[in-house]
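**Student:** Start from the sequences and build out the full structure, keeping to the hints where you can.
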Amino acid sequence: MLSLCGDDALRELSSPGKSGSFFYLTNDDRYMIKTMKKSEVKMLLKMLHAYYNHVRAFENTLVAKFFGLHCVKLAGANQKKVRFVIMGNLFCSDHTIHRRFDLKGSSLGRTTDKPQAEIDEYTTLKDLDLNFIFRLQKQWFEEFRRQVDKDCEFLEQEKIMDYSLLVGVHFRGAIDIDGDKPATPRVSRWDRNHFLSDPNR
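Letter by letter, the sequence shown follows residues 1 to 201 of UniProt numbering.
Hint data in this document are derived by calculation from the structure and do not stem from the laboratory. Check each hint, because a few of them may be wrong.
As the list claims (entries may be wrong) - No farther apart than 30 Å at their CA atoms in a straight line, the calculated lysine-lysine pairs in the DSSO-like style are these:
(1) Lys81 - Lys150
(2) Lys114 - Lys42
(3) Lys150 - Lys65
(4) Lys138 - Lys150
(5) Lys104 - Lys42
(6) Lys126 - Lys65
(7) Lys73 - Lys46
(8) Lys37 - Lys81
(9) Lys114 - Lys37
Keep in mind the model is a prediction, meaning the values are calculated, not measured.
**Tutor:** See below:
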């Protein structure tokens, strides 16, 4: 990690997720570190063989890309163990991500609690906040739908129910806050290949 990122290897994200996990980004934004509970580690290890086969079989899978699972023992009297996973960061891109959505296909409690004026590119929006229509080429749409079906089948086989689709939106042109020239959402092949289902959120 230090060889890749130098002395400032990790940046902690603003707040832990609902699971109580903490998230860190490497300095180059390529990787994300997520702390895990012992039960989550056991689940991931149990499904590791099936996960490996799924990722190998479907190179465009939307399931989170895991690169390492680790456990370290902290120095000190209690010698607490910290378990964490290294994942690819979806939002590492040459394009600025202007809006982020965490989509579960549900409407219950699926709005952000931030006032409209405070929403920015770092706000994680939810299903009922989504006010865009994504238009894909027919071939892209068919490929995307098939991959979603395959990934959902895999997660169902592994008895994973709580997962979401993480979507990043890049606007072509600057956002006009006066509304005179609304920005256009852009969904490119890069965007399509970087949709993400994260079974651990």
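**Student:** For a quick check of understanding: which of the numbered hints are violated here, in increasing order?
**Tutor:** 1, 2
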